[in-house]
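Read off the chains here:
Protein chains: 2
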Amino acid sequence: MARIVQKFGGTSVRDIERIKSVARRVKREVDAGHEVAVVVSAMAGTTNQLVDWVGETSRLHDAREYDVVVASGEQVTAGLLALALQDLGVNARSWLGWQIPIKTDGVHGKARIDSIKTAEIERRFKEGQVAVVAGFQGFGPDNRITTLGRGGSDTSAVALAAALGAERCDIFTDVDGVYTTDPRIVAKARKLDKITYEEMLEMASQGAKVLQTRSVELAMNHGVRVQVLSSFSDAPGTLVVDEDEIVEKQVVSGIAYSRDEAKITLLRVADRPGVAATIFGPLADNAINVDMIVQNVSEDGRTTDLTFTLAKSDLARAVKVLEEHRAELGFAALKPDPNVVKISVIGVGMRSHAGVAKKMFRTLADKGINIQVISTSEIKVSVLIAEEYTELALRALHTAYDLDAA
Amino acid sequence: MARIVQKFGGTSVRDIERIKSVARRVKREVDAGHEVAVVVSAMAGTTNQLVDWVGETSRLHDAREYDVVVASGEQVTAGLLALALQDLGVNARSWLGWQIPIKTDGVHGKARIDSIKTAEIERRFKEGQVAVVAGFQGFGPDNRITTLGRGGSDTSAVALAAALGAERCDIFTDVDGVYTTDPRIVAKARKLDKITYEEMLEMASQGAKVLQTRSVELAMNHGVRVQVLSSFSDAPGTLVVDEDEIVEKQVVSGIAYSRDEAKITLLRVADRPGVAATIFGPLADNAINVDMIVQNVSEDGRTTDLTFTLAKSDLARAVKVLEEHRAELGFAALKPDPNVVKISVIGVGMRSHAGVAKKMFRTLADKGINIQVISTSEIKVSVLIAEEYTELALRALHTAYDLDAA
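Those protein sequence lines, which keep their order, are chains Z and C. To convert, note that position 173 of the first sequence is 300 in the working numbering; the numbers rise steadily by one, no gaps. To convert, note that position 134 of the second sequence is 261 in the working numbering; the numbers rise steadily by one, no gaps.
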C-alpha cells in the first residue's frame, strides 16, 4: 500500500467523458489498495473564459475578486470528479482550498502556499476515502480565496504530496513526459525516463511548459518524487528525481527554448562605476525583471554599449521607463528587439564535463547563426539568437549533443 | 439614508454588459446615500449547464457534491459584479455563503437558512462598502457548501433583508412586476401595484414563477417589504406588502395556473375507514407529494373512486409504487392522466365576499369546460381541468373577475 497524489490538468478533464475516464484511472490505484488524493485543474478553456470576463469587467482589477471568479473553475471539476468516482462505487469527496485549508500568503493572484492541514484527509484515507482537491487555490490570511498563478495546480499537487508524505506525485498532462526538446519542432526528440530536479527546474524556467517552475522548486526542496505522464495513454512517463537516483548522467539532458524574450541595447552609456544600478534601478521600480546582461568592453574608455534581455510582454513598458530617465542615464540611442529567442542546453553532467559551451558555439557558428548574448550557470548554457533561427538551432544542437532518437 | 437589498436574477446578469448595467443601477442607490447589499444569481444558463453536468456524471448524485458544483455559478457573478462596481469607483466586495456565513441546515440541494451573521457587512456599510452576496448558497453544519433549491437567490435576498433590517428588498427580474395573470397568455393582464404576502404566496405556489415560494413565506414572517421589478426598465414594479397597507382590497387579485400537475384515479377502492392512509402511505414513503384529493360518494356502499393530483414529474414513479401495492390497496383499475392544468383564482377579499367560487364554476361551465377536481382555501379557489382549455379558461376568468386592463 502506498500513498499517491495524482494531478490532472485541464485537457484531462475537459468534458464529462474525460472526467469519467480520469475516475476510472483513479479507481485503478484505489483498487490496488493505495491511499489517493487527486488534484484537479479547471476544465480546459474555463480559466481563460473566466480571466477574459474579469478583463472585460474591470481594467485595473482587484486581485481578490479575480481569485473569487477564477477559482470557481477548479471547484466545478472537483465536485464532478467526486461524483464520477462515487458513480464507480469509490468513496470520494471534494475539498476546496478553504475547506482543507490550504493556507497561503496574502498575495492574491499569485499566492504561495504556507501550510496544508492534512489530518482530516488522512483520517478519511483510513476509511478508504479518496480526497478530490480543487487545485490552483488556497485560503489567505484575509479569510478569502487566493489563487496560485497560472499552472498553479501543479504546485497544489506537489505541496499536497509533500504534506501527505506521498510516495509519488503523478502529474497527468496532455504530453507523455519530458522530452529532450520540443517534439513539435525536433522530430527526433526523445522522451526522458528520468530527469533531475535541477535539470527540470532549468527546463521549466527556460521555457519548457510541462510543469510550473514553482512546483519543481517545491518538489526539490521536499524531495517529492514527481512523475510527468499522459492521461491519454498508459505509457510510463518521466520521473523527476534526485540526482543520486540517476546512475548514468547525461552531459546534456535537454534543450529548452523560450520565445518570450526581448532584447534592449543602450548605445554609448557612460562607462563608470554604478551605471548598471542607475539603469536597472528604474526598471526594478517598475517591476520589470531583467534576465541576461552584457556590457561591452569600452572602446574609447568613456562610453560603452549595454545589452540586456527581458520578457517580451514588458518590452514596451521598459522602453517607456528608460526614455523617461534618458537625461540621467545618458545613453545615445536605445534599440529594442523583440525578434529573439533564448536557447538553453541543460544537463547536470556539465559539472564534470568541459566543452559543452564550446560545442554549442561551434554548432551554431557552423550553421551561420550569430550569438547575441550568452549566459551560463553550473548546469546550463543559454544563448540569445535571432528568432528566425529557432528550429534550425534546436535541430542542430539536438544532433550535436547525441540526443537524437535512434 | 435607507438600507436596501437588491437581488438580480440570471437574465439580469447574463453577460458582462448586463453586469455592468446592474452595477450602474446599484451605483444610483449608493450615490443617493443608501447602504446597499446586492444578491446575485448565476449568469443565465449557467446553473442549467452545471446541473446537466452533474446529471451526466452521476445518476444518483451526492447532493453535497451537487452543491459544490452548482454554487460556483453565483460565485462567478458575485466576483464580477464587485469588479464592475469597483470600476465605477464604488467600494464593493463579494461575499460567498461560507464567508458571511449564511448558516443553513444540512439538507443539501434544498437547505433552509438558519441564521445570517451581518455584523461585518454592517461595519463595512459604515465605510461606504457595498456587499455583493452570492445568492442561492449557504454553509451547512458539515462545514460544506449548501444550496437553497432552484430560485433560492430570492430567498437569500429576503433572508438577508430580514437580517439587515433593510427597508426594502428589490427583486429585479425579467418581468416588470406581478401580473393579474400570465401576460403571455392573456393580453389584457394588468401589472399589480401592490399585492399582499398571502396572495403572493398563493400565486407563487400555484404556478406563478415570479418569486420562489419560500422567499415569500420568509418575507411575510419577517415583514420584509419586497418589490418585484424589471432590471431592463425604470418603471416601478409590484410591492408585496402586508394586508394592512392595501386600502382597496380586490376580491380577486390574480389568476395563476400550473401545468406541472398530473391526476391519478383509482377505481373501486374499498370504502372503509383508513383506506386513504393505506393508499397515501406508500406514496409518502417514496417522497411523492399529493396535492388535491377527491373521494366520490360510494354508490354501492362497498367501493368508491379516489382521484388525486401530484407533480407531473412524479407520475410515472407514483404509478409504479401503487401497482406494487395493488394487492393490499385493492383497487380495480388505475387511470393516470398527465394532461391536466390547475387554475387558481386568488384574492384576500374572498374572506369577506361570497360567490367567488360560484362565479368560477359558472364561467367555466359557460365555456363548456369540465371541472375534474376542486380545492379551496381561505383566499383561493383551485380547479383541475383538461390542459387543452388552459388559455380559454384563463381569459374567460380574467374577464369574469373584472381584471382586464382598460
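If you're looking for bench data, these hints aren't it; they were derived computationally from the structure. Watch out, some of these pointers could steer you wrong.
Just so you know, same-sequence chains aren't split out, so a pair can sit in one copy or run between any two.
When the alpha-carbon atoms are kept at most 25 Å apart in a straight line, the in silico DMTMM-like pairs for lysine to aspartate or glutamate are as follows [what the hints assert, rightly or not]: (1) K315 / D371; (2) K154 / D179; (3) K253 / D269; (4) K230 / E247; (5) K447 / E344; (6) K237 / D214; (7) K318 / E247; (8) K494 / E451; (9) K244 / D269; (10) K154 / E183; (11) K336 / D369; (12) K230 / D361; (13) K237 / E455; (14) K376 / D412; (15) K230 / D269; (16) K462 / D493.
Now the hints, each set against the structure:
Proximity of K315 to D371 under the C-alpha cut-off of 25 Å is found in neither arrangement, the shortest distances being 28 Å within a copy and 84 Å between copies. For a Cα distance limit of 25 Å, the shortest separation of K154 from D179 across copies, 24 Å, qualifies, whereas the shortest one inside one copy, 35 Å, does not. In this assembly of identical chains, the alpha carbons of K253 and D269 lie at most 25 Å apart only when taken from different copies (19 Å versus 33 Å within one copy). Taking the shortest Cα distances, K230 and E247 sit within 25 Å of each other both inside one copy (15 Å) and across copies (22 Å).
Taking identical chains as interchangeable, the C-alpha atoms of K447 and E344 are never at most 25 Å apart, the minima being 34 Å within one chain and 61 Å between chains. Proximity of K237 to D214 under the C-alpha cut-off of 25 Å is restricted to the inter-copy arrangement: shortest distance 22 Å between copies versus 35 Å within a copy. Neither within a single protomer nor between protomers do K318 and E247 lie at most 25 Å apart by alpha-carbon distance, with minima of 38 Å and 55 Å respectively. Within a single copy, K494 and E451 get their C-alpha atoms no closer than 40 Å, and across copies no closer than 84 Å, so neither meets the 25 Å cut-off.
In the homo-oligomer, the alpha carbons of K244 and D269 lie at most 25 Å apart both inside one protomer (18 Å) and across protomers (17 Å), since each shortest distance falls under that limit. Taking identical chains as interchangeable, the C-alpha atoms of K154 and E183 lie at most 25 Å apart only when they sit on different chains, with a minimum of 19 Å there against 41 Å within one chain. In the homo-oligomer, the alpha carbons of K336 and D369 lie at most 25 Å apart inside one protomer (20 Å), although the nearest pairing across protomers, at 63 Å, exceeds that limit. With identical chains, the CA atoms of K230 and D361 are never at most 25 Å apart, being 34 Å at best within one copy and 45 Å at best between copies.
Within a single copy, K237 and E455 get their C-alpha atoms no closer than 34 Å, and across copies no closer than 66 Å, so neither meets the 25 Å cut-off. When the C-alpha separation of K376 and D412 is checked against a cutoff of 25 Å, the pair qualifies neither within a copy, at 42 Å, nor between copies, at 69 Å. When the C-alpha separation of K230 and D269 is checked against a cutoff of 25 Å, the pair qualifies both within a copy, at 11 Å, and between copies, at 20 Å. For a Cα distance limit of 25 Å, the shortest separation of K462 from D493 qualifies neither inside one copy, at 28 Å, nor across copies, at 90 Å.
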